[in-house]
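Participant: What follows is each chain in one-letter form.
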Amino acid sequence: MVSMTQTEPVVAGASAVVELRNLHKSFGALEVLKGISFTAREGQVVSLIGSSGSGKSTLLRCINMLEIPDQGDVLIDGELIALRGTGPQRQIGDEHQIRRIRSELGMVFQSFNLWAHMTVLENVMEAPLIVQKRQRTEVEADARAMLDKVGIGAKADAYPAQLSGGQQQRAAIARALCINPRVMLFDEPTSALDPELEVEVLRVIKLLADEGRTMVLVTHDMDFARSVSDRVIFLHQGLIEEEGSPDEVFGATRSARLKQFLNAASHA
Amino acid sequence: MLDDIAFWVGYLTNGKHLTWYASFQFTIFAALMGGALAVVFGLTGATLKNSRFLPFRLVGSFYSAIVRGVPDVLFFLFFPLAFEQAVEWIVATQVCSPEAIAAQTAPWPPCREANWFLGTFEYLILASVSLGLVYGAFATNVIHGAMRSVPAGQLEAARAYGMSARQVLWHIHIRQMWVYALPGLSNVWMLIIKATSLLSLLQIADIVLWADRLGAPNFLPAVGLVHDDWRWRYYLVLFVFYILVTWLSERAFGAIMRRAGRGILSEAHG
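One line per chain: the protein sequences are A and B, in this order. Each residue of the first sequence is one higher than the one before, starting from 1 at the first, in this note's numbering. Each residue of the second sequence is one higher than the one before, starting from 269 at the first, in this note's numbering.
Excised from the complex, chain B in its bound form (with noise of 0.2 Å):
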């Protein structure tokens, strides 16, 4: 029984579970990291989609328009390799013989100093921007919405009272926004949660890589203990790990609400 126990404590902490368990801080990373650039994304999408100026209008509507239809695997695929293949454009024309992009057939890039070797790092960051990209465009619908729930004569008074456009944006508009943009934001983080199951798809070791490989089918004593395919088994582990974030962020969400909502929920009323 001891033994056992003994057993699969070292089996558990073996190097690579011991990886499998790291790995989780990439998916934590690409989630917190895509989910503040979502909003960064969002805020600035909804800036252009009020703006007075109809380009800015146009590129506003086009981006939440467009990149919301896109499927998220493929954007995943796609952002990450043309932005790399592009940065290897750019620093080609800099640093590549003019006879060598002259001659530039199959190899990528036209010469070797151009080229950009990304590691798992580099792609974390690509994946982020991605996750933020994808769902900027739903948190830019979210949130241009919940700035039209703002009452508008809160902030006429605001400008009554001498307030620059800034002032009435910052002091008054964005800071009740967040009442009503809360809920939806709160989907789009669930949905980038979810996307970060997508992170292997960069080569990025991640907890469902790591799940894949460990729990494969070993026949090889030499490699390490036999066992036929358990990946269900570790397929379930991260079942209770993302269903772990989600109460978390439940509570998270919950919170910022009653805070955000000071004044303004009716449940806050004492």
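If we strip away everything but chain A, and leave its shape as in the complex, we get (with noise of 0.2 Å):
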């Protein structure tokens, strides 16, 4: 692993995991991306920060089609996501390619989403078996491991319902491990749990981050974006405000929007 000062955040040489090129989604009359560019290299810890409305959630989840750009590409590992048509008539290209894709991108849900009538261990092997196709003893074995590496090895056998919310969101994050993501990706993982409960998340997302992990993250959580991005981007109305090292765009704020953003941030 590459080492990464806090003043020269993007690697040189390490390879694009994510590239987003000019991305445009609207709902309806509500232009949500205005053309919206940035990279996540190798190892990268990118956190996309801004008001509710910005767009970073929708940002996060056209880098896996759960919500298909009107404009513009998304590669991953510079490989380019078939789409055809224009506009909001715009699908799905290659129904193998998205689905190859998607079984190496970890997504991590604010509503954890795990899937209610299978127990924790079986919700963890479910992608492996069925989408990867590998082999029950190994994907048992890896589960297993990812559950214990969580800190709920113990629960392997309780169903979501059982677990707190901070169990269930560790669980679902062992759910993304177990892929063997190039990438994961979180949109405001904590969001929807209690103060006392959201440390235990934080405390292993950071755990992945340290590992060198390439990592794509909404959050709400400013202290939390500071200490674990090597990048941090602002986004304000669809468009990136301002982007760069947290040194930059926490200690050294240039965009009165973000200056203002981070001031009611810090009063919440």
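Keep in mind that the hints were calculated from the coordinates and are not lab data. Be careful, since some hints might not be right.
Stated by the list, open to error - In silico contact screen, one side only, chain B against chain A (beta carbon under 8 Å); selected entries:
| hint | residue |
| --- | --- |
| 1 | 416 |
| 2 | 417 |
| 3 | 421 |
| 4 | 424 |
Built from N, CA and C at the ideal position, the CB exists for glycine as well.
Using the hints, put the two chains back together into the complex; each one sits in its own frame.
Facilitator: Quick look at the structure:
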């Protein structure tokens, strides 16, 4: 792993894992993304911040095509995700390609979205078994290791509804880890949690960041974004208003809107 | 006293009574088969109603809207007859001479070769299909509603992990749908059980028909025991049978519900 310094967050030579080019997305008359480009390189943690409605969740969901951008391209490991049609009619161009690419993107949702009818262990094993078609014994060993890693190995046979929110979100992280993802996508992973449960989830995410995993993170938590990120992107009304290293964005804020936003966030 | 008991045991195990007891199998078969078909038609109807293609959606909506409104007795009479005659007509076009078909006026079918004789078993199958079609329309609505009750986020998560549409449908969507559908489906099942008392309409010698025959007054010693109208006693036995089936069904549905609801229903939490 290449070591990173705060002042030189973009590692020269590290390959682009996620690359977004000029993304536009509207919901009806509401234009949510107005042309956004950014790149997350191997080993980088990129945080998306901004007020609600700034388009940060939509942007994240465009990476694995849960939302299909009206315009613009998404590349994963340099491979262009095929789309056909234009504008709001745009749709997946190649079902096999998108399923293969999605099976390498570990998404963690705000509301966990664990499959309620499966135990925690079954949740973690499901995608490796039926999407990646890996061996059951190997997957189970992996899954248990991941559950241990996030600290809920003892809950493997419980159902999601029997766990606290923090445990559920850690189970969801284990589920994402078990597919050996190229990149982890976090969509406000702690927003649905009580403050005392947030800590345990943040600790796990920090652990993954320190391992050098590539991650794109949408978050409300400015302190966390500052401590975990290599790069911070501030979205405002569907455009990138400011971006840079955490020290630049939080320590030497240029944009008036970002100053205002950070001010409001610190009083929340 | 002992003679009395011996007499009644003998009477209740005579040929006619044994046939009556045996006829319960028709009722049970029709209920189980009809119920299974209703679920199959219900799943098909709900899938059609959820389809992205407008013609499929129309067929699904038309089926659940129209067939639910047709009285089951009427459909019971209509469907097997229509099906039989349609088959006979198709066979007739193949095996009867053109002259016979052209000359066809009163007799049906046009020639003897095209005649399709239906025995009890064929009628049972047709009855089950009729039950399945009528109650499948109800099941369509129940399942359609249950499909929409499955949390959308879980389906989205399944897609996000690379599952195909079919995998999402079978591994997540339908698997969780049962929890929301079972209360409604248990109602449909009860209606099917009730409708099995209509089997005699299709000339099946079922439990109702035999209860009628056995209970009918008899004044001829040569025919058997002389007694007046005993039908209410036999009907009472049918009451008990249907109540027993209801009780068993509720227990079975309770067990299925606990199994399907594991992790989803709050009762299931330890």
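Participant: Verify the interface restraint on residue 416(B): the C-beta must sit less than 8 Å from at least one C-beta of chain A.
Facilitator: Constraint on residue 416(B) not satisfied, violated at 16 Å.
Participant: Does residue 424(B) hold up as a contact with chain A if the rule is Cβ-Cβ below 8 Å?
Facilitator: holds (6 Å)
Participant: Checking hints one by one. Is residue 421(B) an interface residue toward chain A, by the C-beta closer than 8 Å rule?
Facilitator: holds (4 Å)
Participant: Are residue 417(B) and chain A close enough, Cβ to Cβ, to be under 8 Å, as the hint says?
Facilitator: violated (12 Å)
Hint compliance for this structure: hints 1 and 2 are broken, all remaining hints hold.
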